[in-house]
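With the hints as extra help, turn the sequences into a complete structure.
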Amino acid sequence: MKSVYFLIFILFCSSFSSAQGRKLTGSEVPDEGFERGEKTTSVKDDRDKPSITKYKIISISNDTTYVDTTLSIRKDYAYNYLRKDDFELLPFANVGLPYNELGYTFNNLNALPRFGARAKHFNYLEVEDIPYYEVPTPFTELYFRTVYEQGQNIDATFATNLKPNLNVSIAYKGLRSLGTYQRSLASTGNLRLGLNYRTTDNRYFVRSHFATQDILNQQSGGLTDRANQQFIDEIEEVQNRATAEIRLTNAETKLDAKRFYLNQFYNIRPGNDSTQNGQVRLNHILDFTDKEYQFTQGTANAIFGASFESANLNDEVEYQNVSNTMILSYYQRYLGRIGFMARHQNLNYGYRTILVNEDQTIPNRLTTDIVSLGGTYLKTYKAFKLEGQAAYNITGDYDGYEVHGKASMTLSDSLQFAAKLDISSSAPNFNWILNQSDYENYNWYNPNFDNVNTQRLEVEAESKIYGQISASLTQIDNHAYFGFERTAEGAVADSLVRPLQTDQQIRYFKIKAEKDFKYGNLNLANTIMYQNVLDGESVFPVPEIVTRNSLFYDNYLFDRALYLQTGLTFNYFSSFMSKAYDPILSEFAIQDFQELEGFYTADYFINAKIREARIYLKLENFTTLFQGNSNFSAPRYPYRDFAIRFGLVWNFFL
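Under mature numbering (1 follows the signal peptide of the UniProt record, and there is no 0), the letters of the sequence shown match residues -19 to -1, 1 to 635, in that order.
Derived by calculation from the structure, the hints in this document are not laboratory data.
Heads up, some of the hints might be wrong.
Cross-link-like lysine to aspartate or glutamate pairs, in silico, DMTMM-like; alpha carbons within 20 Å at most [as the list claims (entries may be wrong)]:
| no. | residue 1 | residue 2 |
| --- | --- | --- |
| 1 | Lys493 | Asp535 |
| 2 | Lys360 | Asp254 |
| 3 | Lys30 | Glu122 |
| 4 | Lys235 | Glu273 |
| 5 | Lys65 | Asp573 |
| 6 | Lys496 | Asp458 |
| 7 | Lys590 | Asp254 |
| 8 | Lys239 | Asp268 |
| 9 | Lys590 | Asp535 |
| 10 | Lys366 | Glu339 |
| 11 | Lys56 | Asp497 |
| 12 | Lys496 | Glu443 |
See the structure below:
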C-alpha cells in the first residue's frame, strides 16, 4: 500500500512540476514512440536558469543553506535510513530496527519529561529535523536504497513557490524491509507538509508544518539460548538466518505520532535602518504533538514473568503535549537581541484503566499544566557571536529548568571556534514514572523519582588545515535508567526490566576528531572518538574507542561528465558492557551478564555523480564472506551479514 501511495505522490509531483515549470519556446515535441525517420522539432529553453544558491533550505532556527548536489565522503556517511551520519550508532540486523548507542551528545536537554519508547525515536523527525524551502522554481529530491529482503527505502521531497514569498513542500519517507531473521520486519512512514511565508514588506513571517509518522516493528526478543550459542560458534544450522530460533513469535510494537507546528513572528516596530536597530518583535510558537505507543502479542511468554492475560496482550499508552510560547524581543545594535519568553504546556500521558495491586494502586493518567518563564539572547559583533536561552518552570507538577549558551568565533573562512554550555533539570521520562502492561512485572508508579540534573560543557574547533575536533564533559546527577532484576538466588533475570535511579554521580568525557588527507587522487578520511566514564561506568556504559577510516580514489571521467569515488570504509569500536534491548518497552536496559566484544567492519563502495544524480553501490561487511560473522549489535541480537546494496539521490530543478 505504501508503494501505491509513493507512486501517486511521484505522479502528482511530476504533473505539478510540469505545470509550474518555465515556458518553453518552439513547437511541441512529438512522442518518443513515433517511428524512426519521422520529422521532429527540437525545443530550446533559452531562459536563464536560477543559480543553485537560490534554492534555499531554512532551519527552524533560521540557519539558511542551499541545495547541495555535490558528492563527498560525508555524503556517503549520511546515505542511510536516517539520512544523517550514524558514526555513533550500531545498527541491528535489519534496516528500521533500533540502534545501540556507541556515544552520547545530549543536544536536546529540556525542562520536561519526555515520552518513552526511545528506541523507536531514531527515525522520528523532531521539530528541528523539518526543513523549510524558498525556491525560484519547482524542486524535487528523490532518495532510494535497497534493503534486506523484500522491500525498499525511499525519501521524496517536492517544494515549489506559489508566489515568490509563499513556498510549500511535501515530503514522504517510507521503508519496508523483511529482514533475514524471523520476526524482524520493519515498516515505517514519515509524511511532512511544510509552509514558508513572509509578507512583501518583510514584517510578518510564518513557518509551519504538519507531520504524521508511524514506525512498526515485529519483535523477535532476540535469539534463544541455543541459537545464541550456535551463532557464536558459527554452527551450520544457523547460517540460514531465517531458521535461527527466536524467543518471540507473535509480538510487534508500533509508534504512531502526529504533530502540527506553527512558528510565526511579527515585527511590531521594523527598526530604524537596514541594521534593524530598535526593532521590536513578537514571536508565537504553537506545537501540538500526539503520540501512541503499542505493544501487542498473540500469546503470553513466560520469559517476561506472569501475565494478567494469556492471549491477545495489548499494552497501549498515549501522550499529548499542547505547547504555546510567546517571545517579545528588542534589538539594539550595541546590546544585541534580548527576548522575554513565556510558555504554557498542557501534558497528558497515560492509559485507559487504573490498576490496583496488593501493595500499590497504579493510576492510569498523568496530566498537568506547566507555565515557564525565561529569556533569549543573541549578539553578533564582527567575528564573534553569543547566543543563549533559559527557561524555568514556575507552576505545574514537574519542577525543572534549562539553560543553553553558545559562544562562537570565526577567525577566517578556514578557522572557527565554539564553546557550548547546557544545563537542565527535569523529571525522568514518563515511562520511568508510570507504566502499565499485561505483564505483571511491567507495572510501576514512581512519583518520588528525583529530577535528573545534567550539566554539559563542549568546545569545538574547525580548521581546513587541521580538521575538526570537539571535546565535551557531561555530569549527571540522579541518573534514571532501566535495569534487570535479580532473582532470589542472585542471578540476573535477563527479561525482567525495571526503572531504576542511582545517586552515583556520572561524569562522562568525550573527544572526537575528524581529519582528511589527500594525495593526488587518493584520499584518507579519518574519524576517531575517545570516551571515558570517569564516575558511574556501571550504569553508563560506552566503548572507549570508536573509529572510522575511509581510503578511496576519486577522479573525473568522460570529459568530466562523471565524478567517481571508490574505496573502503573501516569501522571499529572497542569492547564494552553494552545495553540490552527490551522489546516490550522499546528501550535499552543496563546489563552485566554479557560483554559486547568490539569488532571491525569493512565496506567496499563505488559512488558516482552524473549531473544532479548521485549513485551509490556498497558491499557491506564483505569480510564476513571469508571470516564468518559472530558479532552482535546487542545481547541476543546479531549484527548484519554481508549484503550488496545500491541506490541514488537525484535532484530535479525545473
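So, going through the hints one by one against the coordinates:
In summary, the hint linking Lys493 to Asp535 is not supported, as the alpha carbons are separated by about 26 Å, beyond the 20 Å threshold. Taking the CA atoms of Lys360 and Asp254, the gap is near 17 Å; set against the 20 Å cutoff, the hint holds. In summary, the hint linking Lys30 to Glu122 is supported, as the alpha carbons are separated by about 18 Å, within the 20 Å threshold. At most 20 Å may separate the alpha-carbon atoms for a hinted pair to count; Lys235 and Glu273 meet this at roughly 8 Å.
At most 20 Å may separate the alpha-carbon atoms for a hinted pair to count; Lys65 and Asp573 exceed this at roughly 31 Å. Among the hinted pairs, Lys496 with Asp458 is inconsistent with the structure: their alpha-carbon atoms are about 34 Å apart, more than 20 Å. Distance restraint check for Lys590 and Asp254: the Cα-Cα separation of roughly 45 Å exceeds the 20 Å cut-off, and the hinted pair is therefore not satisfied. Distance hint between Lys239 and Asp268 is fulfilled; the C-alpha atoms sit about 11 Å from each other, no more than 20 Å.
Taking the CA atoms of Lys590 and Asp535, the gap is near 11 Å; set against the 20 Å cutoff, the hint holds. Proposed proximity of Lys366 and Glu339 is contradicted: the alpha carbons are some 59 Å apart, above 20 Å. Taking the CA atoms of Lys56 and Asp497, the gap is about 14 Å. The hint holds against a cut of 20 Å. This hinted pair checks out: Lys496 and Glu443 have alpha carbons roughly 10 Å apart, not beyond 20 Å.
The structure fails to meet hints 1, 5, 6, 7, 10 from the earlier list, while all remaining hints are met.
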